[in-house]
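J.: With these hints in hand, go ahead and build the complete structure from the sequences.
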Amino acid sequence: MYSIQERSSEGLPAAVLTSSNTTPTVEHHSQPDLDINIYSPRFITGGSPHPGVIVEPPGLANVEPPPLRYRPRLPKDLSETGKLSAMQLERIIYAGQAHEQRLADGSRAGISIGDGTGTGKTATLAGVILDNWFQRRRRAVWFSVKTDLIEAVSDEFRRLGLTPPIKLINDFPTDQEIDIQDGIVFCTYRSLIARSKKGNKRLDQITRWLGPSGVVIFDEGHKAKYAFADDRGKSTQTGAAVLEIQNPERFPDVRVVYSSATSAGEVRHLAYMSRLGLWGAGTNFPIGFEQFAEEIESGGVGALEMVCRDLKAMGRYLCGNLSMGIDPESGLSVEFREVIHKLTPTQRRMYDNMAQGWQEVFRNIHRALDLTNSGKATRSSALNQFWAEHQRCFRNLITAFKVPTLIREIEDALGRKESIVVSITGTGESQTKKQIERAADQEEAIDSLDFSPRETLTRLVSNCFPTACFQERTNPYSGTIEYIPLVDANGDQVESRAALQLRAELLDKLSILEVPEHPLDQLVNYFGVENIAEMPGRKKRLIRTANGTLEYRPRQLNGVPSKLINLHEKNAFQNGDKRIAVMSEVASTGDSLHAGKSVGISRDGFISQPS
0 MYSIQERSSE
10 GLPAAVLTSS
20 NTTPTVEHHS
30 QPDLDINIYS
40 PRFITGGSPH
50 PGVIVEPPGL
60 ANVEPPPLRY
70 RPRLPKDLSE
80 TGKLSAMQLE
90 RIIYAGQAHE
100 QRLADGSRAG
110 ISIGDGTGTG
120 KTATLAGVIL
130 DNWFQRRRRA
140 VWFSVKTDLI
150 EAVSDEFRRL
160 GLTPPIKLIN
170 DFPTDQEIDI
180 QDGIVFCTYR
190 SLIARSKKGN
200 KRLDQITRWL
210 GPSGVVIFDE
220 GHKAKYAFAD
230 DRGKSTQTGA
240 AVLEIQNPER
250 FPDVRVVYSS
260 ATSAGEVRHL
270 AYMSRLGLWG
280 AGTNFPIGFE
290 QFAEEIESGG
300 VGALEMVCRD
310 LKAMGRYLCG
320 NLSMGIDPES
330 GLSVEFREVI
340 HKLTPTQRRM
350 YDNMAQGWQE
360 VFRNIHRALD
370 LTNSGKATRS
380 SALNQFWAEH
390 QRCFRNLITA
400 FKVPTLIREI
410 EDALGRKESI
420 VVSITGTGES
430 QTKKQIERAA
440 DQEEAIDSLD
450 FSPRETLTRL
460 VSNCFPTACF
470 QERTNPYSGT
480 IEYIPLVDAN
490 GDQVESRAAL
500 QLRAELLDKL
510 SILEVPEHPL
520 DQLVNYFGVE
530 NIAEMPGRKK
540 RLIRTANGTL
550 EYRPRQLNGV
560 PSKLINLHEK
570 NAFQNGDKRI
580 AVMSEVASTG
590 DSLHAGKSVG
600 ISRDGFISQP
610 S
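Position 568 (the sequence shown) corresponds to 567 in numbering that gives the first Met the number 0; numbering is contiguous.
I should point out that these hints are in silico values taken from the structure, not numbers from a laboratory. Here a beta-carbon is modelled for each residue, glycine too, at the ideal position from N, C-alpha and C. Incorrect hints may have been included.
Using 30 angstroms as the maximum straight-line C-alpha spacing, the simulated DSBU-like pairs for lysine-lysine come out as follows [unchecked claim]:
#1 341 - 416
#2 82 - 145
#3 145 - 166
#4 200 - 166
#5 145 - 197
#6 196 - 166
Label-pair ranges, simulated between beta-carbon atoms [said to hold, decoys possible]:
#7 410 - 493: 50 to 60 angstroms
#8 411 - 134: 49 to 59 angstroms
#9 340 - 413: 14 to 24 angstroms
#10 44 - 341: 55 to 65 angstroms
#11 334 - 406: 17 to 27 angstroms
#12 297 - 337: 32 to 42 angstroms
#13 116 - 476: 54 to 64 angstroms
#14 410 - 172: 47 to 57 angstroms
#15 154 - 394: 34 to 44 angstroms
#16 411 - 499: 32 to 42 angstroms
#17 506 - 151: 43 to 53 angstroms
T.: Here is the structure:
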């Protein structure tokens, strides 16, 4: 184990490079409707092969990146022992090479690493930091989506045998300075936009510590994709802060690395990648990102693909994914199958009754809009809310229907000694919490509350059903008809008695609809909390006790702080203590649940997405 505080940059060997102009080796395996392009580094000789087979998108496979001229400063054993594969080393070198280039505005160029899930991006990003560390640039900021991932980053550095200090930004009050001399500050995108009561910004605190030439890692950078404001919507504070830390006038020398498996999904989501040299002075889009976005969008998907090809040709974008085909070492491949859940007569009745309930709500909303003399804006708002909740309700209902079949599949997989990962779309925690709080205020029993998909419909009727009356008024300037609230002598808005009666009748009818429990609660109540590693991020959950009553309990584990519960659950699954893991979108970002070679365990996996 190296002690990074004592390691000198003197005498460290550079990576072995070659300037060979031979054609890169690309194997083509034909499968039905799929051309697979096996990826291998173009200009690196020697080094360790990547642990998994990597494939490249067809649109990029025939584009050659520029020759490598940059020589990194890394311990030779990282490559010789396979701690860093040749593919990861290649990305580290291209990052260093990009950072030696200057854009027309004088700022240092950056690089985007678009490798897919499971390809080892964390090790690559750690390698970029270490390369700079051994060149005496020993301050870096690592942005990510959640604080839990600091453990994954720390584990990766330990695996590499090099352990720079890594501190969470929340360890330093916003009104104070970051007091570590060298190391890595780990910061979530949410924390980046925080400010103290005195008005001091996290962003300013970070940039003061980082210095002029530190390394900035935007891991899961797509979280900053809304950095551009136009008539389609507002830019986010996160996007604006991410752009500010790359400001070419204030911070021209910072070394920027973007990392996301979904970095090139939509043109306007590229706005935060200001160091790739795609727009601005010296480019074909000198006006800025808006000009670039309009031009590329007019060319469709093909134009965006050409952007990616050009970036690879410049050495500023690299992208590979784990192959789903046959692994040459094990002879195994990823298998995919659909499981059809056949609705039971009871479920068919539930669905039909729910559909009829929504139809009746739809008709009565239109009646209420007429009764209250609502204008166009009110009508549009009511119907938008209706269709949004309609989609959410039926998504949850259909998913809940599938759980009995999912349970059978899980039991079969457990019988085959496999580990199971279940991916769900959401936990419903926010609405559950609101209902519990309301019940506590009204001294209502938890068992009387509704946590099923039906709650979506009843909540829509309770909160969004139009009952407020409006009156017409002619605008004296434009001559158009306006609808303003109708108020009584006390200035209170008048509500339609007929609309209120409609709402009350609807709620009575909806209360008798029979629907299943939330999918996550079904799984937890069937298999038990002791058998499921639950990582969707909810702080409390509903548990059905032995006598059949519901209790709303914190997700507490003896001796485990609440902020570390998700990490503890993940480790329990990875260690084999629990064989079932349940994930949601919150938990899926950045977490690794695979049985990779670096994990030291081998197991067959069964992944289910009941959507």
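J.: Can you list which hints this structure breaks, lowest number first?
T.: 16
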